[in-house]
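**Q** What follows is the residue order along each chain.
Number of protein chains: 4
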Amino acid sequence: MNTYGTLFRVSIYGESHGKAIGVLIDGIPAGIKLDIDLIKHDLDLRRPGGMGTTPRIERDEFSILSGYFNGYTTGTPLHVMIENTNTKSEDYEQLKKHPRPGHADFVAEVKYKGYQDYRGGGHFSGRLTAAIVIAGAIAKQIIPFHISSKIIQLGSETNPSKFDQLIETLQQEKDSIGGIIEVKATSMVVGLGEPFFHKLDAEIAKIMFSIPAVKGVEIGDGFHGVHLRGSEFNDALSDASGKTTTNHSGGISGGISNGNDLVIKVMMKPASSIGKPQQTYDFNQHEVKELEVKGRHDSVIIKRAGIVLESALAISLADFYLISKAYQ
Amino acid sequence: MNTYGTLFRVSIYGESHGKAIGVLIDGIPAGIKLDIDLIKHDLDLRRPGGMGTTPRIERDEFSILSGYFNGYTTGTPLHVMIENTNTKSEDYEQLKKHPRPGHADFVAEVKYKGYQDYRGGGHFSGRLTAAIVIAGAIAKQIIPFHISSKIIQLGSETNPSKFDQLIETLQQEKDSIGGIIEVKATSMVVGLGEPFFHKLDAEIAKIMFSIPAVKGVEIGDGFHGVHLRGSEFNDALSDASGKTTTNHSGGISGGISNGNDLVIKVMMKPASSIGKPQQTYDFNQHEVKELEVKGRHDSVIIKRAGIVLESALAISLADFYLISKAYQ
Amino acid sequence: MNTYGTLFRVSIYGESHGKAIGVLIDGIPAGIKLDIDLIKHDLDLRRPGGMGTTPRIERDEFSILSGYFNGYTTGTPLHVMIENTNTKSEDYEQLKKHPRPGHADFVAEVKYKGYQDYRGGGHFSGRLTAAIVIAGAIAKQIIPFHISSKIIQLGSETNPSKFDQLIETLQQEKDSIGGIIEVKATSMVVGLGEPFFHKLDAEIAKIMFSIPAVKGVEIGDGFHGVHLRGSEFNDALSDASGKTTTNHSGGISGGISNGNDLVIKVMMKPASSIGKPQQTYDFNQHEVKELEVKGRHDSVIIKRAGIVLESALAISLADFYLISKAYQ
Amino acid sequence: MNTYGTLFRVSIYGESHGKAIGVLIDGIPAGIKLDIDLIKHDLDLRRPGGMGTTPRIERDEFSILSGYFNGYTTGTPLHVMIENTNTKSEDYEQLKKHPRPGHADFVAEVKYKGYQDYRGGGHFSGRLTAAIVIAGAIAKQIIPFHISSKIIQLGSETNPSKFDQLIETLQQEKDSIGGIIEVKATSMVVGLGEPFFHKLDAEIAKIMFSIPAVKGVEIGDGFHGVHLRGSEFNDALSDASGKTTTNHSGGISGGISNGNDLVIKVMMKPASSIGKPQQTYDFNQHEVKELEVKGRHDSVIIKRAGIVLESALAISLADFYLISKAYQ
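Protein chains in written order, with our numbering: chain A, 1 to 328; chain B, 1 to 328; chain C, 1 to 328; chain D, 1 to 328.
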């Protein structure tokens, strides 16, 4: 179930403090000359180090262990692994019994009956998004579409020039904030997606919600479209190619790409790990107790998330693109 | 691909003006005494007839053709069919060449190379949501959770007592409006969902976006949560059962149900079919021409959508519930 | 789970004495001009009436209820239904408590906790193979390969000219016999199949074993190949197209079609329903009792099975063929 | 597609001469105390070294890189890797243009357009069965059934005491031979399997054919059952538990386990790699030329295959077992 896709299939494994994390990609066409620098570039975008994120650490070093030969994909399952290093685990056992609010600590304890690797969030760690980024960077090399992203809101702030100011305040308060990222795909074609369930927007929403911290996804105008009448919202065709004069529907009609730009907005909640003390139930003490999450935290983890969402979109589009070729 | 689910599997077929629509449900446990009245009740909620919807028509008459014996499910695939009656098709051929804005007419023409059944939206018709409602009414009889929904916004209006006024205006203007529906599941358990891709929120978002006209899905606070700091957004555990003092995360942590109420908000765009004339490309005339969509239209189709979204949620939860039983 | 395929997806429903049986086909390309006569022709081949089969009954009348418009497939799910008529059910209740040897009566009772439709074998009835034949006849219209079948052994008899003699004996003895059918696909291409699990032979074996009464499947020489040395079994390439001088491997190497004829042999056990009395456990009497299965029986049901196996092969090949197009 | 299973999902990757091979197992229950010695024991059974196999090499050293914590499975994807060592690749490039008869060399070249890792068979190498064995050894720890296997025929020889004699001859002749293995599962339950497509026998046949060199699979009497009449083949129930006096059907009725022992026979063709020179097409010389496959070969590779087939059966049964729990 920890697999996405019908033909281009991405499976993820690993835990934050385990030996390695990685991604297995099946259904990748043979003969793709992999641009390794692009994978590195995308991983670097996800790396901490900017203002409001934890201090810069070393680059994620990955190895391609299968499905890759003489610089090209072979067409058989491609496995990319990142070994975990520098994983200090001493502090985590207490979190098992005093779960962090907003984290998956508690649900993991119940679902996995106490057997989960609880260190650093284990399998729920944001670290696994590095695997998504690797798969996404490879997916981008299969599809003819162009994908980009930008933060359009940070907390209540929509003016990018004021983001740094907000971040400074948050760091002082040992708190965090969420935001909204717009992800786009341009140079689209008409016809990706199926009319029910396997709709393009349905699958995009699914993979976006698969990224930790995502709590809302909208296509085109999304929730803002509630203020428009049908006569305003309806995108009128302006020519035979399917271009529309407006793009309220964000490039998808009836679950199928209509050739206009895909426009997706994604809300990410504030990072759950904050330095500020919180009151939450302690399973050892059987009462609500103060919890202070140790370590350095991302106050605006969303600054690292754009590339992850882009990657998720690329993975989904690669799958739809391959499927569409079967029907040409 | 027009199938949803891993164990509880729902497949939909049919076209608006074809011979029948229906749903095939596989993976349903044996021995469920089906409450046929509940299916009828839910179908009635979806039926037009209220203010702002097209005039009341006859009840959808369905037949259970397999998987049902002596009043109980047999455990083998259950097929429910609704035969289409009163389908006047004369007016639709023009829409093939003069596609309606906001509809799937154009993408269907391209994707299916002109072979689609274009009458009344064909397979893209909202009529197929009757099949979803049937499957949902059956799903509800498998799960121990309680599902409900309500319209919380109509256009810009959030005060339900003023909805009728707005609807009247719209009908006069031959226009339509969208809205926001809140769908809830209560009496939840901890542990539904997988950590990646097959997350509970990811699958809920997927099935919600599978419903025609949905353009946004949020869990818990969703986009509104952007204004909260981590210290405010984080839901603190108040007792050993996993109950939290707040529910900003809408009952899902790390993609897994945390035992609190599931709270999902869904934005539906205004109905595309409006009486008001629209300017859009005409493939016969090779220019933008005025289009007037004939017939009677729903100006606030969202009034019929709550039960559809409830049904979608029930289908998804039934699948997760069965999977969870495999790991107990 | 009662669905086969990745892109070309076939789902089957129905019970022998229920209202209808049918098949839902998803992933069928748009614009296939369906040859309805071919469907009828193939269904007729499956119809009883020949020597050693039950007396001729009326033709299976099917309706295409969706996914078909103006003579062509629309690209959306295609549903074909056969209504059941003349289903006398009076005699079946006793079989629930005195299950027929060789039938699924007992396992159905346990698996479905007594809720199964037990009349005429219910969902396990060979009648559902009519749905396979319909799907297969449609699949044949998608693939460029030619499929055929023949009975190569009936009981211990391998000389077709002596089959009738054997059948006569069986009918006198109120007994039945199995046989071996060879199914072939010619005009094959190189490259269908994946190296693990989704191998061409693995999927063919899966769909063949999905047909009731099949107890053995072999590719190429199969079990007879046990007598050959590697130097004899290895098929040597004779030219650049991949043609081999011998075809011991039956057209599949490493799970992937090699361009030579696909050769599959399928063993079908004797029909379980025989007139001859049998001793088997009676759950009412709590002891082994004699059972005499009433009605008219096929003593050589395999005479009707060739077209079913052909259809199964066509379904599988249609799926592989569409997938292969995604990677061209 | 290189994934098997619905809930217990096994994905395999790697190439014979690549950096590593491995297996990703998803859907494994949390809290299984893994018996690492069993995994080693099963891998050892697959290791060469006996008479008629290539000389003993070092043990396959595996690492569990995720999904495993403090000696127990965590419930999240479990990844096991074997790094490849001692992989001499110098001799393989010629095989790309002079493909070995009976191998996948030619189909890989066409399917993957020349981009495949051709060294040592690449992804098609029997080496990947080590990954199957690991997954199988873990699967065995989930299921309550007991699995065993034995070689019942080697070439034309059915007397085990004469196997060594045959092997000696083969080694002198630099040739190979196939055989038949019987795989059994005992302590079975009633009810595993679905009535169509996802039948127990259909899935077992699928996973057996996924093992390299398998060319035939039969359940119970299989092809030998062709000589029996229905009155002989039908297994009569002898008591209320479902035990039958005979087991011609090999423990499966209507695609569903009937509680009796599962009996599966699998034919494996002779190893393709033989020392004896063979005539086959040379794509460089554009003519049929003699090929002598260098290196040491298994003349009776089937001696190492029993544990692989057992593992395959265990994987399939683990999946069915988990699914059955969802419906209890």
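Simulated from the structure, these hints should not be mistaken for laboratory data. Keep in mind it's a predicted model, so treat the numbers as computed, not measured. Don't take each hint at face value.
Identical copies carry no separate label here, and so any pair may be met within one copy or between two of them.
Claimed, not checked - Below, computed lysine to any residue pairings styled on SDA-like, alpha-carbon distance capped at 20 Å: (1) K276 to N84; (2) K243 to I180; (3) K113 to Y72; (4) K19 to I82; (5) K33 to Q94; (6) K289 to H146; (7) K19 to S63; (8) K96 to S149; (9) K19 to N70; (10) K33 to N284; (11) K40 to H98; (12) K113 to S241; (13) K325 to V190.
**Q** Determine for every hint whether it applies to the structure shown.
**A** Consistency of the hints with the structure:
1. Proximity of K276 and N84 under a CA criterion of 20 Å is satisfied in neither setting, with 28 Å inside one chain copy and 48 Å between copies.
2. Taking the shortest alpha-carbon separations for K243 and I180, neither the intra-copy value of 27 Å nor the inter-copy value of 28 Å comes in at or below 20 Å.
3. Taking the shortest Cα distances, K113 and Y72 sit within 20 Å of each other only across copies (11 Å), while inside one copy they are farther apart (43 Å).
4. Taking the closest pair of Cα atoms, K19 and I82 come within 20 Å of each other both inside a single copy (9 Å) and across two copies (14 Å).
5. For a Cα distance limit of 20 Å, the shortest separation of K33 from Q94 qualifies neither inside one copy, at 47 Å, nor across copies, at 23 Å.
6. Proximity of K289 to H146 under the C-alpha cut-off of 20 Å is found in neither arrangement, the shortest distances being 49 Å within a copy and 32 Å between copies.
7. Taking the closest pair of Cα atoms, K19 and S63 come within 20 Å of each other both inside a single copy (14 Å) and across two copies (9 Å).
8. In this assembly of identical chains, the alpha carbons of K96 and S149 never lie at most 20 Å apart, being 36 Å within a copy and 35 Å across copies at closest.
9. For the identical chains of this complex, K19 and N70 are inter-copy neighbours only, at 13 Å across copies versus 27 Å inside a copy, given an alpha-carbon limit of 20 Å.
10. Taking identical chains as interchangeable, the C-alpha atoms of K33 and N284 are never at most 20 Å apart, the minima being 54 Å within one chain and 25 Å between chains.
11. Neither within a single protomer nor between protomers do K40 and H98 lie at most 20 Å apart by alpha-carbon distance, with minima of 37 Å and 38 Å respectively.
12. For a Cα distance limit of 20 Å, the shortest separation of K113 from S241 across copies, 14 Å, qualifies, whereas the shortest one inside one copy, 55 Å, does not.
13. Within a single copy, K325 and V190 get their C-alpha atoms as close as 12 Å, and across copies as close as 19 Å, so both meet the 20 Å cut-off.
In this structure, the hints that do not hold are numbers 1, 2, 5, 6, 8, 10, 11, in rising order.
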